[in-house]
Amino acid sequence: MRMSTDHSMLSLRDLYVHFPVSRGLNPLARKAFVRAVDGISFSLTKEETMALVGESGSGKTTTGRVIARLTRPTGGSAEFEGVDILKLNGAELRGYRKRVQMIFQDPYESLNPRAAIVDQVGLPLVVFGMVKTSQEKEDVVSSLLEKVGLSHVDVLYKYPHQLSGGERQRVSIARAIATNPELVVADEPVSMLDVSVRAGVLNLIQELAATYHLSYIFITHDLSVAKYMGKKMAVMYLGKVFELGPTGEIMSKPIHPYTQMLLEATPKIGPKSVGGLSARGEIPSSIDIPPGCRFHPRCPYATDICKSEIPPLRNMMGTHSVACHWAEKFA
Amino acid sequence: MTSSVPVVDVSNLRVSFWARRGEVKAVDDVSLQVKKGEIMGLAGESGCGKSTTGLALMRLIKPPGKIKDGRIIFDGGTDVLSLSEEELRSFRWRRISMVFQGAMNSLNPVMTIGSQIAEAISAHESVERKVVEERVAKLLEQVGIDASRSKDYPHEFSGGMRQRVVIAMALALSPELLIADEPTTALDVVVQRQILDLMIDMQKRLNLSMMFITHDLVALSEFSDKISIMYAGRIAEVAPTSELYKEPLHPYTQGLLESLQGIATPGKKLWSIPGAPPDLAAVPKGCRFRPRCKYAFERCAVEEPELLSPKNSRSVACHLVNK
Numbered sequence: 460m461r462m463s464t465d466h467s468m469l470s471l472r473d474l475y476v477h478f479p480v481s482r483g484l485n486p487l488a489r490k491a492f493v494r495a496v497d498g499i500s501f502s503l504t505k506e507e508t509m510a511l512v513g514e515s516g517s518g519k520t521t522t523g524r525v526i527a528r529l530t531r532p533t534g535g536s537a538e539f540e541g542v543d544i545l546k547l548n549g550a551e552l553r554g555y556r557k558r559v560q561m562i563f564q565d566p567y568e569s570l571n572p573r574a575a576i577v578d579q580v581g582l583p584l585v586v587f588g589m590v591k592t593s594q595e596k597e598d599v600v601s602s603l604l605e606k607v608g609l610s611h612v613d614v615l616y617k618y619p620h621q622l623s624g625g626e627r628q629r630v631s632i633a634r635a636i637a638t639n640p641e642l643v644v645a646d647e648p649v650s651m652l653d654v655s656v657r658a659g660v661l662n663l664i665q666e667l668a669a670t671y672h673l674s675y676i677f678i679t680h681d682l683s684v685a686k687y688m689g690k691k692m693a694v695m696y697l698g699k700v701f702e703l704g705p706t707g708e709i710m711s712k713p714i715h716p717y718t719q720m721l722l723e724a725t726p727k728i729g730p731k732s733v734g735g736l737s738a739r740g741e742i743p744s745s746i747d748i749p750p751g752c753r754f755h756p757r758c759p760y761a762t763d764i765c766k767s768e769i770p771p772l773r774n775m776m777g778t779h780s781v782a783c784h785w786a787e788k789f790a
Numbered sequence: 036m037t038s039s040v041p042v043v044d045v046s047n048l049r050v051s052f053w054a055r056r057g058e059v060k061a062v063d064d065v066s067l068q069v070k071k072g073e074i075m076g077l078a079g080e081s082g083c084g085k086s087t088t089g090l091a092l093m094r095l096i097k098p099p100g101k102i103k104d105g106r107i108i109f110d111g112g113t114d115v116l117s118l119s120e121e122e123l124r125s126f127r128w129r130r131i132s133m134v135f136q137g138a139m140n141s142l143n144p145v146m147t148i149g150s151q152i153a154e155a156i157s158a159h160e161s162v163e164r165k166v167v168e169e170r171v172a173k174l175l176e177q178v179g180i181d182a183s184r185s186k187d188y189p190h191e192f193s194g195g196m197r198q199r200v201v202i203a204m205a206l207a208l209s210p211e212l213l214i215a216d217e218p219t220t221a222l223d224v225v226v227q228r229q230i231l232d233l234m235i236d237m238q239k240r241l242n243l244s245m246m247f248i249t250h251d252l253v254a255l256s257e258f259s260d261k262i263s264i265m266y267a268g269r270i271a272e273v274a275p276t277s278e279l280y281k282e283p284l285h286p287y288t289q290g291l292l293e294s295l296q297g298i299a300t301p302g303k304k305l306w307s308i309p310g311a312p313p314d315l316a317a318v319p320k321g322c323r324f325r326p327r328c329k330y331a332f333e334r335c336a337v338e339e340p341e342l343l344s345p346k347n348s349r350s351v352a353c354h355l356v357n358k
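Those sequence lines, one after another, are chains A and B.
Following my numbering, the numbering of the first sequence begins with 460 at its first residue and continues without gaps.
Following my numbering, the numbering of the second sequence begins with 36 at its first residue and continues without gaps.
Derived from the structure by calculation, the hints contain no laboratory data.
Check each hint, because a few of them may be wrong.
What the simulated footprint calls covered on chain A by chain B, stretch by stretch (three residues with Cβ under 8 Å from a Cβ of chain B suffice, anywhere in the stretch; the number is not a length) [stated by the list, open to error]:
hint	region
1	565-573
2	746-754
Derived, one-sided and incomplete: chain A residues facing chain B with beta-carbon distance under 7 Å [stated by the list, open to error]:
hint	residue
3	658
4	659
5	741
From the three backbone atoms N, C-alpha and C, an ideal C-beta is built for every residue, glycine too.
Hey, can you work out the whole structure from these sequences and the hints?
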């Protein structure tokens, strides 16, 4: 079924997700859309981790949901190993779901409060016919729980409310890897966890990547977590990718003014140093996106062209791309 | 401008909540001080009792919770726990005020922000309407909101702007001590930076004393003078900020800082503290951090360590350090 010739496992091209919104009872009101994802392209090669970074409303979760086939895009294409995932149906879609799994942000919401852990982690195994008997299910789930650092004796027949936040997230991870997926979309998997447990879960996610030859789309608002997790990163703002490239390069020498601002705003250990690009304004609504470069109202370097023309994502050097009219100036 | 007089001096505070599973000791023998003009960071993970400590200082613990024991002395004279309801009315907001966690989402949606701030003023002081309006305008300007927006409703403001309104309300009666409970937690990085900068700026300009409650040890490192680390209802360690990061003494603090610093070096396995904090309805005997501590020895299982001072200006509750 392979049709594409490049080496990417996943490739998104010019993807759009617009949600219609109601603007009250007036039938004459202009029809409005939340432009959650507004034309993004990137690709991921096998066994690679890509961090999607951005503030709320940047479209990072929606992008992840499109990849997991949980949200339908309104335009563009998404290919997995050369196959258009948006056209999948029936058995093909089931096959895709087995290969691509998702870990959700909130371990308190994403587990069924009324099902024992053995049944939750075992559900995908049953759905995909990977186990035949309940004894077999128990065995497989036990070994999955061991792999995510939980003792199956303690956890197997417990309910989510009997587990701590960190344990619950480990259960969600066990459920996600149950089907031996190739790609896992992890949506802020540690943002609800306390520091002392967070590190353990991040370690686990990395270990699993090595053991299972997994690829990750790792969604986070936390630049320090993105830096730790991904070799590649995409900085998103209001539905667009502003900067894309090797994580180390972006973190040490951000080019896009927004990335610069984001890095400057991120707290670092030690007394605050002065300098850098100061925090200005707030992310506007994705219903009323500013014309031209959508960052221009907050950008200290904005000129006339920024107010009228949308800057395309341009390649700067190697695999580092930036969507800014003045990128050369900051490079 | 830090002087040595504590604006608030808490000793042996105990606060419990009675739940079905028994007595939950949310704050279990906490002593701390905030000195005049100082920013004291109270840091810890969820459920460690840091917010409850803040609420107890405001005398805002409601049933099934109760302040069981302890003393809270405000400004060298006022015994907060013995104030009557009547006396509390002139104490709260005027002398200590608080920015509550998530307060920006608790503004009254059908009242303009100007009248909400005005209400806070006129509930405590009998001043003319015109004077109140002037003060509202000045407060809004101080927190970086154009005074003309006082006639707008909360939904017309962004999250960061609503948080500024909440800060203006907390400062409306010129309190001496401001307790800020996770004031930037629900905000995006860039807005978080703006609110932090604003609060630090206000603290300096008004020479406020501040207790900054947060789980974010990285943010605290930037601006606090002193940090108290809480764990499972108790203070584990208190130290001047720079010394805490240079040389954490309590194994819990060491673990927290190691996992924070580790994240800055990709490719290295992160150090993480094994296990999870204990259930506060069934705290283990001895040191409550013992089950997760790699240095634990016999004494830790039997005797609860006291908060002692092995070095000047530092205190630690650990048998290993206080040997």
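Quick rundown of the hints versus the structure:
With a cut-off of 8 Å between beta carbons, the region 565-573 of chain A has 0 residues touching chain B; three or more are needed, and the interface restraint is violated. Counting residues of the region 746-754 of chain A whose CB lies closer than 8 Å to any CB of chain B gives 0, so the stated coverage by that chain is violated, three being the minimum. With a least beta-carbon distance of about 3 Å to chain B, the hint placing residue 658 of chain A at the interface is held under the 7 Å criterion. With 7 Å as the threshold, the beta carbon of residue 659 of chain A comes within range of chain B, its nearest partner Cβ sitting at about 4 Å, so the hint holds.
The interface hint given for residue 741 of chain A is met, as the beta carbon of that residue sits about 5 Å from the closest beta carbon of chain B, less than 7 Å.
In this structure, the earlier hints numbered 1, 2 are contradicted, and the remaining ones agree with it.
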